[in-house]
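S.K.: The lines below spell out each chain.
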Amino acid sequence: MSILGTRVLRTEDPRFLTTGGVYVEDLVDERLDGACHVFFVRSPVAHARISGIDASAALAAPGVVAVFTAADVADLPTIPPSGPMNKHMQQPMLATDKVRYVGEPVAVVVVEQPYQGEDALELVAVDYEPLPAVLGFDPSDDTLLFEDAGTNVAGWWGNPAELKADLFDGCEVVVSQVIINQRVAPAPMESRGAAAVWGADGRLTAWIPNQGAQGTKGGLARMLNLEPSQVRVITPDVGGAFGAKFGADREHVIVAWVARELGRPARWSETRYENLIGMTHGRAQQHTITIGGSRDGDVLAYRLEVVQDAGAYVRAGGFLPMLTRLMTSGPYDIPRAESVAKVVVTSTTPIGAYRGAGRPEASAALERAIDLFAAEAGLDPADVRRKNLLPAFTEPHRTAFGALYDTGDYVTGLERALAAAGYVELRAEQAARRARGDVRQLGIGLASYVEITGMGEGEGSGPNENATVEVRPDGTATILTGTSPHGQGHQTAWAMLASEELGIPVEKITLKWGDTDLIPKGGGTGGSRSLQLGGAAVRQASQELIEEARQRAAAQLEASPADLVYDKTKTSFNVAGDPDAAVPLTQLAEQERLLIRAVFTGPGATFPFGTHVAVVEVDAETGKPTLLRMITVDDAGVVLNPLLAEGQRHGGIGQGAAQAMVEEVVYDTDGNPLTTSFADYPFVSATELPSFELVDSQTPTTYNPLGVKGIGEAGSIGSTPAVQNAIVDAVAHLGVRHIDMPTTSRRIWQAIRAAGQHSESEHA
Amino acid sequence: MIPAKFDYVAAESAGHAIELLAEHGDDAKVLAGGHSLLPMMKLRLATPELLIDIGGLDELAGVSVDGPDLVVGATTRHADLAASELARAEAPLLAYAASQVGDPQIRHRGTIGGSLSHADPAADLPMALVALGGTVVVEGQAGTRTVGADDFFLGYFETVLAPDELVTAVRVPRRPGVPWGYQKFVRRANDWAIVGVAALDGRIALANMGPTPLRAAAAENALAAGASAADAAELAADGTSPGEDLHADREYRRHLARILTRRALEHETA
Ligand SMILES: Cc1cc2nc3c(=O)[nH]c(=O)nc-3n(C[C@H](O)[C@H](O)[C@H](O)COP(=O)(O)OP(=O)(O)OC[C@H]3O[C@@H](n4cnc5c(N)ncnc54)[C@H](O)[C@@H]3O)c2cc1C
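Chains as they are written, first to last, in the numbering used here: chain A, 3 to 766; chain B, 16 to 285.
No lab work stands behind these hints, which were simulated from the structure alone.
You may find that some hints are simply not true.
[To be verified] Facing chain A, a subset of chain B residues (Cβ under 8 Å, in silico):
(1) M16
(2) I17
(3) A19
(4) R203
(5) H262
(6) A263
(7) Y267
(8) L271
[Claimed, not checked] To spell it out: a stretch of chain A is covered by chain B in this simulated footprint if at least three of its residues, at any positions, have a beta carbon under 8 Å from a beta carbon of chain B; those stretches are:
(9) 271 to 278
(10) 618 to 632
(11) 685 to 694
(12) 747 to 758
[As the list claims (entries may be wrong)] Counterexamples of contact, computed for chain A against chain B with all Cβ distances above 12 Å:
(13) R429
(14) E502
(15) R595
Beta carbons are placed, not taken as given, at the ideal position from N, Cα and C, and that holds for glycine.
With the hints as extra help, turn the sequences into a complete structure.
M.R.: Right, here's the structure in full:
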């Protein structure tokens, strides 16, 4: 029986659950002996000119080795904005002349012992001449974040002048809504950190929690003006990332710089407070949607106008809206659809990739739009989806926005989710509660989505990943992968793939990743790419290894390779029909290293899809929402290990529901962050979530031999709009059309009250 | 996230702790469960030079009965109070309040004396004490005094305790079998109350509706005058001065106080 598709328990867990992982802060390595510790003086104000920095008191404090400011690191380059954005919006390594958000690194204090750092930080006196904060989705240009840029608009995706005035002509029903997709914090359990040391040969070794050591190495080399060969990145265990640990941040660069400047190893680990203001945030888009169609539910036209708040510096914020635009029409067949995106800078923490990165935003806007349209037309939102979803297709489908969907059966996904939810019964229960005027009203929310996973680097270069598989004389195997697990379970999954081909049991297969000297190339783990590219490469390398071994075994047995059979149960070749004429794999490995490196290249991105049904209860007196059920179809093609796939879905659904209901990074009107601890930044725990009802659905892709698509982000893409739609639905009969996320009890209560007052004034 | 430098002494007895407090005055702080004090120290909102640890003093822990009162020692952990058969029989509202604090880890460290002394208006046990009309037993160099719940809290994180005084116990009247209600309105299970209401036998206490736990005096008076629970609850926010934060503005808090008071008067728990 094949091991593929079975619930193999995570082989990484015994270590995590007993001795625990080794994160960068825990590292004990003699290369780091005598390390100094780096602390960052961070701006306490949103926007100000720096008129002076006096470090004398800090320098005199116990244990302080050095204090550095922008002038000291002037040899380091500034970081240009990503995407086709205003090139004057450069990010310095340390704030130079100006600070642009609370949390921006202004100076560095280096100490002997970690406990001395926070004392010394308080002694660095920085004079700030405050400037007005630049906030919101439509910041005026009266105050400029970058004077040279002449504007706070970083750039555009698409041309607003090309929006069609007649887009909604002929539509019987047209609805518009401004929707906020609020700023959230990735808040991984492990915050950021680094350890760095330079060798006598002028080579940097840096331990950095990341999502892809090779990308982090590239970033470090670029920002330190080094050749890539002068940098080695080693990845310790990584305690979550959610998109925010890709590449290298300026703090990582500074730690490496300090180690070189002082000629001794340097370490940094971020506090939770720093993490909540210093690590990139996610989402932060405003959507103005307009949707139109016929009274009987045909959606004919849709317009999405995006504003991306990129934060103070244009990092991923420069290209996230490109992905949002690409997915504008989602799983629907909409005859006329268009979208533009504007990127603005504000005096807030920069925006980066966050679980789904641009695609959840597109889904959230579209799924609210479909519900708003259904409500306006007086139709069941399930029927509107049925009517407008693209019919099943097996040949790739090109959308008006240029996305090429590989395979999909969206209607079946919807029907399965509705059936599992008992949709008809739920609507009956809702009607009964409404009729009785119950305090606790029921809401049912749907979201049908399609998303992009395993994208390539760019046009022309197909998405690819490498793997090296080696069988050793002792009967064990080692896999090197260019992907970079940080909770997903690659050790288990990659071992399953190799085991399937080699017959070596999963326990005897070790996975290595994240050391750029061992694995110079790799795309890391993000964008739900790992299994479909990295896993496919493991399969390919394993198969090629068996073929290589077959050649060698044939030579030994003086047989034709075609006459040999590989017996997986014995991990041995024998001549067909003659079990005694056998050569075990171990013997071949003993004679000569048995090692194959393979690169798998796919034809393009894959497009998982699904439908989520959320069932909520809303206390109509207090506004308090409770998530009762989540029923989801998340079709990501063939499932390799249901346990791991369900784990990814669970995490994603929970994270997405949390965005819908509670999470938000909040700034006051002066640009001060108000959510700087876990007392104020409310990520959810298991207590707030129901047990999820996961419906199985597997529509294979043809883009890789495993038939798999990505599952890492899908959960969060479907659940956010499903939960938001459910909450609006729960109070829709009271006249509520829309409630922005997070749908806190206060907002729900206010929406109920506003709707009540509105209808009273209408009747008056 | 690293506190400023401080010294530490494990007190040998309550008397020892009081002596140390008298000696060091404002520079010293009592450490009980540490679940309010240590976070404040890590954020450097508190920078005591000396911590006097009373957390291990058994003489201050435990639940007992003394005449008409249930007596709870100052270092009794929330989890022990919540599980105490005696407390659950004699003052179930108090035991229930303890069970609603934070999460299991917090309940196994935090103490009732610490919670009352910390005087967070959003906290559970201060509100419960006010609802029950209990008293706080305070010891200092000058001797022992008892302070009524309504007089103990002065403002946000402020009590009548002098710098050399220690809370040694809490006394609440035994009210076995008397119906009560408890409403804690939270965003997540382990959060503090956005608004809280505890009600028992005509007394109504509110959490997070002002700088201290408050009595809903107008609603109590209406009840005493024979008003229905629903009508009395309409007055629950009168005379309160709630603050505004990320979770609620004043108007919403007042609204919640009215709804939750009605539910508490109808003996609902949440
Ligand atoms: C994440 C989190 C969630 C929480 N959620 C809740 C909640 O939902 N509801 C709630 O009510 N509380 C909550 N708390 C607070 C918790 O109940 C604390 O344990 C309690 O407020 C303080 O008790 P402690 O024993 O830990 O006191 P400590 O932190 O040790 O001390 C607090 C203060 O009281 C003083 N003090 C302590 N004991 C005495 C004494 N005997 N005499 C004089 N002064 C004394 C200290 O000097 C200090 O100033 C939460 C705490 C955390 C960390």
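S.K.: So, for every hint listed, does it hold in this structure?
M.R.: Evaluated hints:
1. M16: Hint holds; B/M16 Cβ to chain A Cβ min 4 Å, cut 8 Å.
2. I17: Holds. Min distance 5 Å.
3. A19: At about 7 Å, which falls below the 8 Å cut-off, the nearest Cβ of chain A leaves the hint on B/A19 intact, so it holds.
4. R203: holds, 6 Å
5. H262: Holds, about 7 Å.
6. A263: holds, 6 Å
7. Y267: Holds: closest Cβ of chain A sits about 5 Å from B/Y267, inside 8 Å.
8. L271: holds, 6 Å
9. 271 to 278: holds (count 3)
10. 618 to 632: It holds: at least three residues are needed, and the region 618 to 632 of chain A offers 3 whose Cβ sits within less than 8 Å of chain B.
11. 685 to 694: holds (count 4)
12. 747 to 758: holds (count 4)
13. R429: At about 28 Å from chain B, A/R429 clears the 12 Å cut-off, so the statement holds.
14. E502: holds, 43 Å
15. R595: holds, 48 Å
Violated hints are absent here; each numbered hint is respected by the structure.
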